[in-house]
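*Asks:* Full structure from sequences and hints, please.
In our numbering, the protein residues as written are 1 to 242.
Hint data in this document are derived by calculation from the structure and do not stem from the laboratory. Bear in mind the structure is a predicted one, so any value in this text is a computation, not a measurement. Think of the CB as a built atom: it goes at the ideal place given N, C-alpha and C, for glycine as much as any other residue. Any given hint could be a false lead.
When the alpha-carbon atoms are kept at most 20 Å apart in a straight line, the in silico PhoX-like pairs for lysine-lysine are as follows [stated by the list, open to error]:
| id | residue 1 | residue 2 |
| --- | --- | --- |
| 1 | LYS22 | LYS59 |
| 2 | LYS49 | LYS175 |
| 3 | LYS59 | LYS175 |
| 4 | LYS167 | LYS49 |
| 5 | LYS174 | LYS49 |
DEER-style ranges, computed between Cβ atoms [stated by the list, open to error]:
| id | residue 1 | residue 2 | range |
| --- | --- | --- | --- |
| 6 | TYR47 | LEU79 | 21 to 29 Å |
| 7 | LYS167 | ILE76 | 30 to 38 Å |
| 8 | GLU240 | ASP117 | 19 to 27 Å |
| 9 | LEU199 | ASP29 | 41 to 49 Å |
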Amino acid sequence: MDMYMDAMIDSSCLWKPDEQVKLVSLAPDTFEYLQVMFLLDSGWSNYKKTRPRLIRVLKIIRSSHSDEAYFIYQQIVHLQHIPPILLTDGSRFDLNESLLFHGTTRACLLGEDETHDDICLSPCCSLCRIIQSSFDIKNCGSNCQFSRFGRGIYTSICSSKADDYCKPTHPDAKKRFLLLNRVMVGREFQTKESLTHLLQAPSGFHSVSGEPGGDLNYEETVVYNNDAIRPAYLAIYELEED
1 MDMYMDAMID SSCLWKPDEQ VKLVSLAPDT FEYLQVMFLL DSGWSNYKKT RPRLIRVLKI
61 IRSSHSDEAY FIYQQIVHLQ HIPPILLTDG SRFDLNESLL FHGTTRACLL GEDETHDDIC
121 LSPCCSLCRI IQSSFDIKNC GSNCQFSRFG RGIYTSICSS KADDYCKPTH PDAKKRFLLL
181 NRVMVGREFQ TKESLTHLLQ APSGFHSVSG EPGGDLNYEE TVVYNNDAIR PAYLAIYELE
241 ED
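*Replies:* Next comes the structure, spelled out in structure tokens:
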């Protein structure tokens, strides 16, 4: 059982009957905070962009009921390939879960400071709606006009790329933010070319991985099932001054 599951179970007795998600501010000396910091910093691949300085990390703890579909999907991916299959390049396919970034629109001040740690109710706040109910493919493309790999949920290990889609719309917003998500990548279909027609991963695959080169400058990973992804952390950061 991993750390995420431990935290979810340990706090189960504190859940209100209608509560689906909790946000917990992590101390800077905890493993999870340092992990988010490392991923944010190491994933900042665009050297032309000002580097980030992590300010806060809010851990997103979901009720066992609201995350049940994710863990079922995780087991389905795992059971499809037991024993692990041998790929054409000689490598073995195993259960493949990653922590990947996603940028979106925030209409409130969630995470700006310790007085703003509750999700808002605005239907225009994509960030809070994702934290509350997770991702929904039907909203694919609402934050951009071009979907390089079709109708799916887009994430990236490249934090500087995800930052391009970070859009704070509240007039008092000063901090930037990214969701760091648990993504069941499974078996990846790797490509350097755009595949805008896709509605699902190619047969035999669970996701599409866009590799740098060809049509892409930076890596991105796309899943086509709502149950293949759950938000895990909210990283709040500033861009360092030159």
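*Asks:* For the range 21 to 29 Å, tell me whether the beta carbons of TYR47 and LEU79 fit it or not.
*Replies:* 42 Å, violated
*Asks:* Are LYS167 and ILE76 spaced within 30 to 38 Å by their CB atoms?
*Replies:* Distance hint for LYS167, ILE76 holds at roughly 34 Å.
*Asks:* Is the hinted pair LYS59 and LYS175 satisfied, with a Cα-Cα distance of at most 20 Å?
*Replies:* Cα-Cα ~17 Å, so holds.
*Asks:* Does the Cβ distance between LEU199 and ASP29 fall inside 41 to 49 Å?
*Replies:* Because 45 Å falls inside the window, the suggested range holds.
*Asks:* Below or equal to 20 Å on CA atoms is what counts here, so check LYS174 against LYS49.
*Replies:* Holds, at about 17 Å.
*Asks:* Is 19 to 27 Å a correct range for the gap between the Cβ atoms of GLU240 and ASP117?
*Replies:* Check passed, 24 Å falls within 19 to 27 Å.
*Asks:* Keeping to a limit of 20 Å between CA atoms, is the pair of LYS49 and LYS175 held or broken?
*Replies:* 16 Å, holds
*Asks:* Hey, LYS167 versus LYS49, does the alpha-carbon distance stay inside 20 Å?
*Replies:* 16 Å, holds
*Asks:* Is LYS22 within 20 Å of LYS59, Cα to Cα?
*Replies:* Holds, at about 8 Å.
In summary, the structure is inconsistent with hint 6 from the numbered list given earlier, while agreeing with all the others.
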